[in-house]
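Undergrad: The residues making up each chain are set out below.
Protein chains: 2
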Amino acid sequence: MNIELMGQRAKAAAYQLATLTAQEKNQLLMTIADQLNTHAGDILAANQLDVADAVEQGLSPALIDRLTLTVERLADIANDVRKVCQLGDPIGQVIDGGELDSGLKIERRRVPLGVVAIIYEARPNVTIDVATLCLKTGNAAILRGGKETYRTNTQTVNVIRKALAQHGLPIDAVQAIDDPDRQWVTQLLKLDNYVDMLIPRGGASLHKLCREHSTIPVITGGIGVCHLYIDETMETEQALDVIVNAKKQRPSACNSLETLLIHHSQLDSFLPKFVARMVQEGITLHVDQQLLSHPALADNGFAQATEASYRDEWLSLDLNIKAVEGLQAAIEHIREYGTQHSDGILTENYQHAQDFVNQVDSAAVYVNASTRFTDGGQFGLGAEVAVSTQKLHARGPMGLEALTTYKWICWGQSTLRA
Amino acid sequence: MNIELMGQRAKAAAYQLATLTAQEKNQLLMTIADQLNTHAGDILAANQLDVADAVEQGLSPALIDRLTLTVERLADIANDVRKVCQLGDPIGQVIDGGELDSGLKIERRRVPLGVVAIIYEARPNVTIDVATLCLKTGNAAILRGGKETYRTNTQTVNVIRKALAQHGLPIDAVQAIDDPDRQWVTQLLKLDNYVDMLIPRGGASLHKLCREHSTIPVITGGIGVCHLYIDETMETEQALDVIVNAKKQRPSACNSLETLLIHHSQLDSFLPKFVARMVQEGITLHVDQQLLSHPALADNGFAQATEASYRDEWLSLDLNIKAVEGLQAAIEHIREYGTQHSDGILTENYQHAQDFVNQVDSAAVYVNASTRFTDGGQFGLGAEVAVSTQKLHARGPMGLEALTTYKWICWGQSTLRA
Chain F
1 MNIELMGQRA
11 KAAAYQLATL
21 TAQEKNQLLM
31 TIADQLNTHA
41 GDILAANQLD
51 VADAVEQGLS
61 PALIDRLTLT
71 VERLADIAND
81 VRKVCQLGDP
91 IGQVIDGGEL
101 DSGLKIERRR
111 VPLGVVAIIY
121 EARPNVTIDV
131 ATLCLKTGNA
141 AILRGGKETY
151 RTNTQTVNVI
161 RKALAQHGLP
171 IDAVQAIDDP
181 DRQWVTQLLK
191 LDNYVDMLIP
201 RGGASLHKLC
211 REHSTIPVIT
221 GGIGVCHLYI
231 DETMETEQAL
241 DVIVNAKKQR
251 PSACNSLETL
261 LIHHSQLDSF
271 LPKFVARMVQ
281 EGITLHVDQQ
291 LLSHPALADN
301 GFAQATEASY
311 RDEWLSLDLN
321 IKAVEGLQAA
331 IEHIREYGTQ
341 HSDGILTENY
351 QHAQDFVNQV
361 DSAAVYVNAS
371 TRFTDGGQFG
381 LGAEVAVSTQ
391 KLHARGPMGL
401 EALTTYKWIC
411 WGQSTLRA
Chain P
1 MNIELMGQRA
11 KAAAYQLATL
21 TAQEKNQLLM
31 TIADQLNTHA
41 GDILAANQLD
51 VADAVEQGLS
61 PALIDRLTLT
71 VERLADIAND
81 VRKVCQLGDP
91 IGQVIDGGEL
101 DSGLKIERRR
111 VPLGVVAIIY
121 EARPNVTIDV
131 ATLCLKTGNA
141 AILRGGKETY
151 RTNTQTVNVI
161 RKALAQHGLP
171 IDAVQAIDDP
181 DRQWVTQLLK
191 LDNYVDMLIP
201 RGGASLHKLC
211 REHSTIPVIT
221 GGIGVCHLYI
231 DETMETEQAL
241 DVIVNAKKQR
251 PSACNSLETL
261 LIHHSQLDSF
271 LPKFVARMVQ
281 EGITLHVDQQ
291 LLSHPALADN
301 GFAQATEASY
311 RDEWLSLDLN
321 IKAVEGLQAA
331 IEHIREYGTQ
341 HSDGILTENY
351 QHAQDFVNQV
361 DSAAVYVNAS
371 TRFTDGGQFG
381 LGAEVAVSTQ
391 KLHARGPMGL
401 EALTTYKWIC
411 WGQSTLRA
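Here the protein sequences line up with chains F and P, keeping their order.
Read left to right, the first sequence gives residues 1 to 418 (full-length UniProt numbering).
Read left to right, the second sequence gives residues 1 to 418 (full-length UniProt numbering).
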């Protein structure tokens, strides 16, 4: 394997992809979807070997489930590819333009980024999702999947490359780094000559590695320490439904609730009902030191919330609870411990809602709603490459547009600058 | 000096700036403009010391001119600040939005980035330009100017901080690193906890330093190895005017022409007139090896163009000339040696124009026009923070919008994800 060469080939392929029409790209995607069905046998056989290894290595049942493909799951993935065809193609869109005083006609046109590299966890669907979203937007992709799914990824990438060849397109438009050695990641991070954007999808240590060592522009995200704050005006029953939804609808998702902040004046009326509901829903509370002795909590044997419980994702049916003096204290807690992902307020007060929304500096801010909506599909983007928690380029769910940039095109008549 | 503390203070100030109205920000800018006039004496006195040092150190007259302030220049700078007031405020703009199937109402609202750090060359006007553009967009700024203008920068930043105080705003909204020791830059590059965007405005080595060592998202740009390609259909006279404008209108600018590519069939008719005009304009040619023996060039004693002349900016009245086989060869030269800044084609052929524009991957691509238009003012942005040659976030001239990000705001009625 030669990473430099992979970069060169990806760049060369990207120049070709940039000239494709929307129709040509959609035809390619339809072929990929069809070939995923045709070659389902090969892909599932490779996946069985990956799963067998995972079982042998004692991976958790949740992780094993996540990396397992079935005929039905593969068919769903292929159908997702067909759905991407139906999305509008952002490439070629004229963002704005006009005529300058000099007579020069100018337009800002949306174009592909070029080459996108993605480092991701052990989910075989991500390989296909990300590759097809890149192809839809005329980008070449370099993929580095989790080592637990190498065999599966190799097979699916083969299917994609065969489809590229079938359409007379460069197969190196999609390349996988399919040797689990970490040295290739280290080398990939330095490919700024060829790679235009790097998306690490994984835990905090991968993000740190990329922030510190990548010379390629990086988009980090996908880590969500999400908060809800109930202020003194909110009714208990409605709040409980939102809290349960935000925590429980899919606890392993990055937009699930991790810490509940509650206005101190609500404690006596709220806590008894809250505790009863949490116990009923199977949610384990981690209680702020100051609340541990509250009568509604004291006899339940809940653990004390620690600095680490506030700072890290639970991704499980665990929830921190803390009382605060008011809106500003809630905002300060979120600024200190949040990851600028998704945070919300539950309130009946107009000004509190406005202040929260204006002052909380997160990708998505909510009033009276579950944080679980932060998602490309839910937000109407039709697809999702990643969820960015940084502020440059794209923030929150990244759809097709986040895989594009623009160029300024200027049409003159031997036009000179005065 | 404590860089970590500067970052903390900038972040705290940014939270306050983010809540200002457009009117409040404009009032602040008007005060800054007025105070620049009021305190002109202090600023000019500091500048005279900087200039005296520069003279003593034997800096070039061009550089000394660039760092010299006069009463008139300072008045112009103050007027530029007043013009920024007249620009529309992008903050608060709703980019798009709607109602989701769940009933959740969603909007994507433009907000400040937060804290912007800029490392820049020895131009006293940049301090004021950048600080006021950041304030206009509700961002805090950390400024690191060229060491040749430290005294001037300290005085101008003092004026800005006094204006902030006068409006009851945190003075740490604008901070300068006014110790020339390079260790502060190294420390600044690691402040990703507090700084949201870093813009290095300077040479290739500064860009490399930032790309390799910054953990803050970086926008690089401002280095322009710009090309024009004359194809076989273009008339000589018109081409010459564009070439001279692109090269000579301001040779030290990053959007000035560095290399001329010419279709080989044009050589005999074009070169004699071209050489005569260049000599007349005082432009020194650097001739590709293959052209050195051409009768129109052989007897002029021009230097041979080298790998370095193709790869680096001249920023002077020097120009490379090279013959190519056709459009594809021109595009390949630009891909290999260009900096994705500004490149153009001179042609009468419709398809050549389209192909060039589609296939050249630069921030600005031109048909039959001078490359000198790549500029925030010229492009109608009203101001310019920098010219980006990377593809993430902003490309080409960066105006106010490039100093913003967006957040997703979701308004619910105890809305749950199904």
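Watch out, some of these pointers could steer you wrong.
[Said to hold, decoys possible] Okay, the calculated bits of chain F under chain P, using three or more residues with CB under 8 Å as the criterion:
1. 5 to 19
2. 23 to 33
3. 95 to 108
4. 212 to 220
5. 224 to 233
No lab work stands behind these hints, which were simulated from the structure alone.
Every residue, glycine too, gets a C-beta built ideally from N, C-alpha and C.
Undergrad: Now, for every hint given, state plainly whether the structure supports it.
TA: These are the hints, each one checked on the structure:
Evaluation of the coverage hint for the segment 5 to 19 of chain F: fulfilled, as 3 residues show C-beta separations to chain P shorter than 8 Å, against a requirement of three. Counting residues of the segment 23 to 33 of chain F whose CB lies closer than 8 Å to any CB of chain P gives 0, so the stated coverage by that chain is violated, three being the minimum. Requiring three or more residues with a Cβ within less than 8 Å of a Cβ of chain P, the coverage given for the segment 95 to 108 of chain F holds, as 5 such residues are present. Beta-carbon proximity to chain P at under 8 Å applies to 5 residues in the segment 212 to 220 of chain F; the threshold of 3 is reached and the given coverage holds.
Beta-carbon proximity to chain P at under 8 Å applies to 0 residues in the segment 224 to 233 of chain F; the threshold of 3 is not reached and the given coverage is violated.
Violation of the numbered hints given earlier is confined to hints 2, 5; the remaining hints are satisfied by the structure.
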